[in-house]
Amino acid sequence: MEELKKYKWMIPLISGAERNTRRKLLKNLRKKKDRFYPEGGFNADIKNLINCMLCPNMCRFDCNTLQAAKTEVISPAYKARIGYYLTVGKIDPSDPENKEFVDLMYKCSNCENCKIWCPFDFSVVSLLETVRDDLNEKGLMPDYCEKQIDKLKETGTIEDYNIFKTYEEKGIENIETDGNDDVFYYIGCEMMKFPKVVQANIELLKKLGIKFSTNLDKRVCCGSPALNIRDLDTITSLASKSVDLIRKSGAKLVISGCPGCVRTLTERYQKNHILEEKVEHEDEEIRGKDVTEEEEQFSRILYDEGPEVIHIVEYIERLLEEEKLMLHEVPKKYETVTIHDPCLLARNLSNTSSIRKILGHIPNLTIKEPIYNKEFTHCCGWSGTVHWADRDIAIKESENRISELKETGANIIVTACPECELGLAYGIDENEKDTIEIIDLSELLIKAI
Amino acid sequence: MDFNDFDIIYQEKRALIKNKDKIVAELKQNIGEKNVSTKQIDILAYTKDTSLIAMNWTMEGKIAGLPEIITWPANTSHIIEILKVANREKIPVVPYAEGSGVVGGAIPVKGGIIIDMKRFNKIIGINNKNLSVTVQTGTNGMNLERYLNSKGYTGGHIPQSLYTSSVGGWIAHRAAGQFSSKYGKIEDIILGMKLILPTGDKIKFDPMARAATGPQLDKYFIGSEGTLGIVTEATLKIWPYPEKRALISYAFPTIEDSLNATREIMREHIFPAVIRIYDADETLRHFDHIEKAKNKVMTIFVCEGNERLVDLEETITREKCEGNSGIDCGKEPVDHWFETRFKVTETSMFPPYRIVADTIEVAVMWDDASKLYHSVVEATEKVEGNLLVSAHVSHFYPNGVGFYFTFGGVPGKGKSQFDFYKECWNTIIKATLESGGSISHHHGIGINRSHWMDKEWDGGLEVMKKFKDALDPNNIFNPGKIYEKTWNGGDK
Ligand SMILES: Cc1cc2nc3c(=O)[nH]c(=O)nc-3n(C[C@H](O)[C@H](O)[C@H](O)COP(=O)(O)OP(=O)(O)OC[C@H]3O[C@@H](n4cnc5c(N)ncnc54)[C@H](O)[C@@H]3O)c2cc1C
Ligand code: SF4
Ligand code: SF4
Chain R
0 MEELKKYKWM IPLISGAERN TRRKLLKNLR KKKDRFYPEG GFNADIKNLI NCMLCPNMCR
60 FDCNTLQAAK TEVISPAYKA RIGYYLTVGK IDPSDPENKE FVDLMYKCSN CENCKIWCPF
120 DFSVVSLLET VRDDLNEKGL MPDYCEKQID KLKETGTIED YNIFKTYEEK GIENIETDGN
180 DDVFYYIGCE MMKFPKVVQA NIELLKKLGI KFSTNLDKRV CCGSPALNIR DLDTITSLAS
240 KSVDLIRKSG AKLVISGCPG CVRTLTERYQ KNHILEEKVE HEDEEIRGKD VTEEEEQFSR
300 ILYDEGPEVI HIVEYIERLL EEEKLMLHEV PKKYETVTIH DPCLLARNLS NTSSIRKILG
360 HIPNLTIKEP IYNKEFTHCC GWSGTVHWAD RDIAIKESEN RISELKETGA NIIVTACPEC
420 ELGLAYGIDE NEKDTIEIID LSELLIKAI
Chain H
0 MDFNDFDIIY QEKRALIKNK DKIVAELKQN IGEKNVSTKQ IDILAYTKDT SLIAMNWTME
60 GKIAGLPEII TWPANTSHII EILKVANREK IPVVPYAEGS GVVGGAIPVK GGIIIDMKRF
120 NKIIGINNKN LSVTVQTGTN GMNLERYLNS KGYTGGHIPQ SLYTSSVGGW IAHRAAGQFS
180 SKYGKIEDII LGMKLILPTG DKIKFDPMAR AATGPQLDKY FIGSEGTLGI VTEATLKIWP
240 YPEKRALISY AFPTIEDSLN ATREIMREHI FPAVIRIYDA DETLRHFDHI EKAKNKVMTI
300 FVCEGNERLV DLEETITREK CEGNSGIDCG KEPVDHWFET RFKVTETSMF PPYRIVADTI
360 EVAVMWDDAS KLYHSVVEAT EKVEGNLLVS AHVSHFYPNG VGFYFTFGGV PGKGKSQFDF
420 YKECWNTIIK ATLESGGSIS HHHGIGINRS HWMDKEWDGG LEVMKKFKDA LDPNNIFNPG
480 KIYEKTWNGG DK
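First to last, the protein sequences are chains R and H.
Quick note, the first sequence lines up with residues 0 to 448 if you use numbering that gives the first Met the number 0.
Quick note, the second sequence lines up with residues 0 to 491 if you use numbering that gives the first Met the number 0.
It is worth saying that the hints were derived from the structure and are not from the lab.
The reader is advised that the hints may include incorrect statements.
[As the list claims (entries may be wrong)] Residues of chain R placed beyond 12 Å of chain H at every Cβ, according to the derived structure:
| no. | residue |
| --- | --- |
| 1 | ASN135 |
| 2 | GLY138 |
| 3 | GLU436 |
[What the hints assert, rightly or not] Simulated DEER-style distance windows between Cβ atoms:
| no. | chain 1 | residue 1 | chain 2 | residue 2 | range |
| --- | --- | --- | --- | --- | --- |
| 4 | H | ALA210 | R | LYS89 | 33 to 43 Å |
| 5 | H | GLY435 | R | GLU368 | 51 to 61 Å |
| 6 | H | ASP20 | R | LEU25 | 44 to 54 Å |
Computed from a predicted model, the values in this text were never measured in an experiment.
Built from N, CA and C at the ideal position, the CB exists for glycine as well.
Take the sequences, apply the hints, and build the full model.
See below:
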């Protein structure tokens with residue numbers, strides 16, 4: 000509508016035009032779809048792929064994959080252009096020779112910096128996801144994505160073994176629910192790679208006397224990787240398990256140290272109609288039959304009367320505000336820190352204040368902000384699908400981000416996302432590994448309690 | 000994928016590289032495997048710039064020009080190695096930065112090798128005492144400006160394409176930012192630079208406040224559009240971030256009233272950073288929500304810098320506007336301009352409806368300004384299929400102005416989109432010359448204007464050709480631009 004309003008000045012020009020010109024124009028208006036849209040069914044968001052491919056790349060300066068790759072190929076408008084050509088068949092996605100064009104649809108780190116600047120409010124990855132839907136339907140999911148889906152199906156996690164079951168060897172205490180919890184501490188698959196962070200959070204929750212559970216014996220991935228790949232069947236099954244577990248815990252609050260998990264459990268399930276779709280889907284197959292009670296319950300729990308799902312920093316901020324938590328001085332080494340705002344926390348969950356407020360409670364701590372911070376933060380490289388599709392780009396993204404953070408002069412990088420911690424580590428030079436430390440906020444807090 | 004499925008617009012003069020495999024192998028050997036590609040996915044990405052007609056072509060599955068090899072040099076030695084091979088084999092090379100040029104400058108009309116400058120993106124440093132910044136030329140404009148802002152400065156060069164253009168592209172096209180009335184065009188902002196000549200020799204112009212050391216050789220390379228070598232590093236002026244900004248707008252009964260007011264302001268040596276006069280059509284397009292501007296000519300001003308100076312500039316600006324029948328419209332129109340100035344959607348909106356549109360900027364001295372405006376509008380309205388022609392005045396000097404025309408329409412019977420495009424372009428350029436104007440203020444020559452260069456320069460073009468022959472003996476640097484007519488006979 001906004002778009003149309005912007006072009007309303009054209010109406011008198013068209014009506015006042017010479018007859019032949021007007022006829023031609025009206026024909027062009029009518030024929031747009033016949034001319035430029037593919038025949039038959041498709042999922043691709045053609046209209047907006049076109050808008051994006053014809054844009055002068057107005058977001059290019061902040062596209063993290065482009066700034067890492069430094070080639071026109073990775074520019075947002077070119078990605079859209081290839082998405083369009085793949086959809087209309089100008090480039091045949093099923094021809095193995097065109098594999099690189101298909102791969103381009105996955106060379107995105109989901110950072111959504113494009114969305115900050117886009118005059119159409121696009122996030123390119125959302126456009127590319129619609130192309131991925133078509134590729135999947137044609138059985139053209141790239142092998143590196145298939146591999147992830149296989150792992151999710153086999154182990155319920157992003158590893159080829161069930162990473163949640165490694166808690167014992169990692170020294171993480173598992174707390175099973177008795178159905179009567181206040182809080183569900185939702186540890187993500189990636190977070191399982193950072194036992195110190197998990198230990199710190201468990202210690203914190205215990206110190207505060209909160210009744211919580213972790214349920215690591217029954218946990219599965221939230222399904223975020225499957226959402227990126229657009230395998231909705233896999234996500235539906237993972238979502239059902241996660242939601243069921245949360246429901247059984249009785250918790251009214253779910254906290255997670257992974258902004259990816261938080262976003263998936265909330266906005267992404269809902270936006271993708273995950274469990275609703277399951278309901279509809281089965282409804283179609285077994286027309287006439289009622290939707291199962293269980294499914295209905297899932298939907299309800301998730302979207303309507305479900306528990307609140309928040310990032311742990313928001314929870315800690317609340318505890319500080321309620322004066323349930325007091326922070327003291329940190330050791331000298333940690334006195335000066337810089338913050339790496341995770342994209343997902345800063346832009347998708349719109350929270351850049353909690354980290355800063357929490358750090359503000361530590362008396363001897365100084366924050367050195369990087370140039371690109373808060374909602375303008377840059378990606379660590381390890382979000383989205385690019386780190387599977389083109390690892391070199393992801394590593395370069397990480398190197399770029401590390402050099403921005405290093406520019407602050409602080410050696411301690413505080414973040415609040417396991418994916419970022421994983422990604423950023425790739426950006427640190429071997430000879431700097433002893434001087435620069437990436438640390439989760441919870442790990443720092445435990446030093447201040 | 001087959002490039003035969005794409006019509007190639009500029010292919011008449013395209014010469015294929017002989018012994019390509021051998022040459023590619025040699026390039027890979029010399030500058031690194033990853034820095035050279037002949038892959039289709041890479042080639043397709045460098046087949047156009049942002050000329051608006053290229054958007055129509057993209058929509059129709061056409062491509063502007065087809066290069067054969069893409070290179071991404073990481074340092075000057077890489078560039079020199081590429082040039083060694085290109086000179087020996089007489090292969091065209093086209094410098095490419097962000098591809099936002101709008102006159103075909105980066106389109107490889109004769110094929111050849113693309114030299115993508117994106118890896119030259121280091122900001123080398125700020126010199127606070129000299130008020131300068133030294134950067135590699137592949138640096139993106141917005142990333143430079145954000146860096147400067149974070150350190151308390153501005154670069155003063157804010158083209159609408161700030162987000163999608165590079166320092167090298169600005170120098171190549173003699174670009175102008177929206178704040179140019181105060182800070183100048185890029186040729187006023189640049190203090191020094193380093194270049195690699197077509198032969199592979201390096202030259203440098205050290206930053207200097209002013210000098211009298213023979214002819215201004217450095218200026219000769221500003222605006223050379225990638226035809227006389229590659230600029231690798233530049234030192235640019237910077238300014239302390241403005242302390243104060245005053246936002247002013249006036250609506251005038253006619254464009255002449257507004258031109259008079261702005262001329263009188265410039266005469267006083269008052270330099271609001273931004274001045275923009277929108278003709279009645281553009282006022283309707285952009286400011287129809289401003290009641291006082293109905294059927295009038297909206298003019299906006301931004302004065303910025305030292306607070307006391309800004310206050311004085313504002314006072315004089317207002318005096319001159321009010322003395323020329325201007326009606327004060329407050330700061331809202333300027334806020335609106337700030338909000339929308341980078342929201343470019345037009346390039347996307349028209350091609351799906353097969354509407355061909357573009358913008359053409361020209362320059363003129365004050366005494367011919369009004370005449371030029373009316374002649375261009377009148378002439379363009381007569382082009383068959385034309386739907387709109389409008390203008391704003393975007394750049395101001397004590398001695399003249401830059402006009403920015405927009406046209407759009409659909410081709411008449413039997414004519415292609417390209418025919419219509421060329422006809423509108425040629426009409427506007429012809430009317431500009433006949434009104435005493437200059438054919439480009441800041442977008443440059445590229446392909447679209449090269450056939451007008453003899454008229455613009457008279458005997459000067461021959462001198463330019465001699466320089467070109469001397470500096471680029473194999474004529475490998477960005478051929479088909481500036482000195483050669485690529486749109487044959489467009490001026491007839
Ligand atoms: C939406 C939009 C708004 C615009 N607004 C403005 C504006 O306000 N003011 C303005 O002046 N222009 C404007 N332009 C035009 C364009 O942005 C400029 O011409 C810009 O300077 C081009 O820079 P680039 O880095 O994109 O260069 P490219 O398009 O990549 O290249 C342009 C030319 O420069 C040459 N070149 C590039 N880098 C080098 C180098 N390092 N050494 C030698 N040659 C080189 C290329 O060979 C080519 O001939 C606009 C364009 C768009 C699409
Ligand atoms: S995401 Fe928006 S700004 Fe970026 S290229 Fe696409 S349309 Fe342009
Ligand atoms: S989501 Fe990030 S990587 Fe992907 S196009 Fe947008 S800015 Fe680039």
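Now for the hints, and whether the structure bears them out:
no. : hint                            : result
1   : ASN135                          : holds, 21 Å
2   : GLY138                          : holds, 20 Å
3   : GLU436                          : holds, 24 Å
4   : H:ALA210 x R:LYS89: 33 to 43 Å  : violated, 54 Å
5   : H:GLY435 x R:GLU368: 51 to 61 Å : holds, 53 Å
6   : H:ASP20 x R:LEU25: 44 to 54 Å   : holds, 52 Å
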